[in-house]
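Undergrad: Please construct the entire structure, taking both the sequences and the accompanying hints into account.
2 protein chains.
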Amino acid sequence: MPDLAAIHHIPGTAIRGQIEAVFTAWGVPSETAAVAAEALADADMHGVDSHGIGLVPMYDVRRGEGRLNVSAVPKVVREKAAVALIDADKSLGHPVSVMAMRMACEKAQHTGVALVGVRNSNHFGAAGYYARLAAKRGMIGMAMTHAPGSAIVPTFGRDAVLGTNPIAFSAPAKVNQPFALDMATSTVALNKVRNYYRRGKQIPLGWAMDESGQPTTDPGVGYKARRVAPVGGTRELGSHKGYGLAMMVEILCAVLTGAWAEPGEVDAEGRPVKSSTQTGHFFLAIDPNRMRGGDEFGQDLDRMINMLHAAEPADPRLPVLVAGDPEYATFAERTKTGVPLPQSLLDEVRDVVSRCNAPWMLG
Amino acid sequence: MPDLAAIHHIPGTAIRGQIEAVFTAWGVPSETAAVAAEALADADMHGVDSHGIGLVPMYDVRRGEGRLNVSAVPKVVREKAAVALIDADKSLGHPVSVMAMRMACEKAQHTGVALVGVRNSNHFGAAGYYARLAAKRGMIGMAMTHAPGSAIVPTFGRDAVLGTNPIAFSAPAKVNQPFALDMATSTVALNKVRNYYRRGKQIPLGWAMDESGQPTTDPGVGYKARRVAPVGGTRELGSHKGYGLAMMVEILCAVLTGAWAEPGEVDAEGRPVKSSTQTGHFFLAIDPNRMRGGDEFGQDLDRMINMLHAAEPADPRLPVLVAGDPEYATFAERTKTGVPLPQSLLDEVRDVVSRCNAPWMLG
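Chains as they are written, first to last, in our numbering: chain A, 62 to 424; chain B, 62 to 424.
Source of the hints: derived by calculation from the structure; they are not laboratory data. Any given hint might turn out to be false.
Below, a sample of chain A positions facing chain B; criterion: calculated Cβ distance under 10 Å [as the list claims (entries may be wrong)]:
#1 A67
#2 L223
#3 E323
#4 P380
Here are a few chain B residues that sit away from chain A, every Cβ distance over 10 Å (derived from the structure) [what the hints assert, rightly or not]:
#5 G88
#6 R123
#7 R128
#8 T391
To list a few chain A residues with every Cβ distance to chain B over 12 Å, as calculated [as the list claims (entries may be wrong)]:
#9 L65
#10 E140
#11 E311
#12 T398
Beta carbons: idealized from backbone N, C-alpha and C, even for Gly.
TA: Structure representation (structure tokens):
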């Protein structure tokens, strides 16, 4: 029997090629498939393992359920000088999000700031990818998505009502890598609670709740209850702030785009309205050159980043980091070594690959 | 001897009038003084006691130090269709912020989204006031300010490097009061640590650090060290998220506007560059009607707010709230009862009043 935990090191280009081959085999147009594959492989390369090729089996399930339209043609349904709203037609979330962030950047070059909303989309991978896209074009970028699966319990609440609703923010420095924040508005992902459960390790108070909404240190209880806390963890430590931010994301991604539905809401035919295709995204681009002249913004951001890198650490072994540092370090490492993928994940992907008759490209 | 802790209930209109009288006596033009007084009295009425009339003595100190220019004339130094940058000329922070948010709203009516940055300003009171200004005009509003006084210790750091850098976000519902989030990106304000110290009460781990950057439960140690944690509290509970948000605010308010300076940085004459007048603000307005037709946004926001108000609480005595609820409840109460001000604060304000020969209006 093969060792399911065995780790294989696969080059990022092979991962990208494999994802592209699967999407193309599903019927996604090749250009679109390439854009989506690039977004997912980028997450693997940066160490955001939960948002890379590991998502492909989930996307396959959604395709099977008719919630993912492989031949979708997203349309701009509304447009003003500095805003646009795109209906994604149930497409893969990544290509329409790249389209939306590019559009926001192009508009912002003229108007200084621009926002593009997307509705009727699917899971778009890691929010940070789209914020960094803007930074690569010299723009400040913000990307958010609401997550239809409920996980966050509001402060004082018993049940999970909001998704983990991430916020990503990126800004271009002149010398340093872009500042790149990508954070769920929950304390941790539900997957992290599961990992502790599997390893038989207690979780800190403030990560998860039991079915009555009470904080728990038992990872099995928290994972089965599917309830995590907003950033802040407990009321005493400020969980109302994380809850407020999760609501802000929900308002900007779902209410502003028309993608909002109550959990449990059903349509005329009794099907849940709040499904993956009800996913909405929010993309904002700001051109710093329209606020300050030439390179001043990037230079001052460099000074700020350098100041933090030079800041005295509490423990000399753990230097002060800036958002994006761990991901850039992982990217550099994986460029040399490839991406470590467990045998169990390769098996899952191979299953998807063989069912759609795509070529196997992962060795 | 008078009881310094005695509480006097003063009507909001009297507070507003008193602040206006002081600012006018200082030489602030009467229209500008009225706008600033309104912003401060609004905080008192909503229970944000740290950001109301209690700030007037601090503003007086800054005026004495030449850091507050009472006859300032803020100027728009840069403008595009959807962005503008204002130099506040060391003015009071509130009137220039009202001007900036109004400008953002007017621009957003044409372009859909607009942002106005402010530099060379002073403390602007509570960020939430400006976000709610936008919501009153049917706009989604965001307001942020960087706070030049260092208080937040970055994750893994020993020293405080960032201000408490608040984020405010408001969105207009159709029936409910606007959603109104106003949060520092620190776990708590330094003042809250001081209050625990004065009451001889331990603080929770995750609020503050000692001088070596280690978390402490001793409020005296934390307050004297002037070090609070970013939202999240500890690395384990996600303080890197709060730290990342504090950086985002610093980038948008200070780096984007040209107000950024390193702590300790001095100018050609050896004076600290990072002073209150280096304060920068960020205001964003989004017109939801440019994204969705008519009243749809407000109606869906109502459904979302109603869903949360109806959410099952973990403890039946503590219902689930929505950002803004506690402040609106306090406003309703104080409209009837007046604002409770301690004798000690009244004494401080009376001292300011008598030194500038303003009339005394607080009974």
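Undergrad: A separate judgement is required for each hint: does it hold in the structure or not?
TA: Comparing the hints with the structure gives:
1. The closest approach between the C-beta of A67(A) and any C-beta of chain B is roughly 30 Å, which is over the 10 Å cut-off, so the hint fails.
2. A hinted interface residue such as L223(A) counts as satisfied when its beta carbon comes closer than 10 Å to some beta carbon of chain B; here the least separation is about 9 Å, so the hint holds.
3. Proximity of E323(A) to chain B holds as hinted, the smallest CB-CB distance being about 6 Å (cut-off 10 Å).
4. The restraint placing P380(A) at the interface with chain B holds, with a minimum CB-CB distance near 7 Å, inside the 10 Å limit.
5. Listed as outside the interface, G88(B) is consistent with that label: its C-beta sits roughly 31 Å from the nearest C-beta of chain A, beyond the 10 Å cut-off.
6. The beta carbon of R123(B) sits about 24 Å from the closest Cβ of chain A, which is more than 10 Å, so the claim that it is off the interface holds.
7. Against the 10 Å criterion, R128(B) stays outside the reach of chain A, whose nearest CB is about 21 Å from its own CB.
8. With a cut of 10 Å on Cβ distances, T391(B) stays outside the contact zone with chain A, its closest approach being about 15 Å.
9. For L65(A), the condition that its CB be more than 12 Å from all CB atoms of chain B holds, with the nearest at approximately 29 Å.
10. The claim that E140(A) lies off the interface is violated: its Cβ sits roughly 9 Å from the closest Cβ of chain B, which falls inside the 12 Å cut-off.
11. A beta-carbon of chain B is positioned within 12 Å of the beta-carbon of E311(A); the least distance is around 7 Å.
12. Every beta carbon of chain B lies more than 12 Å from that of T398(A), the smallest distance being close to 25 Å; the non-interface claim holds.
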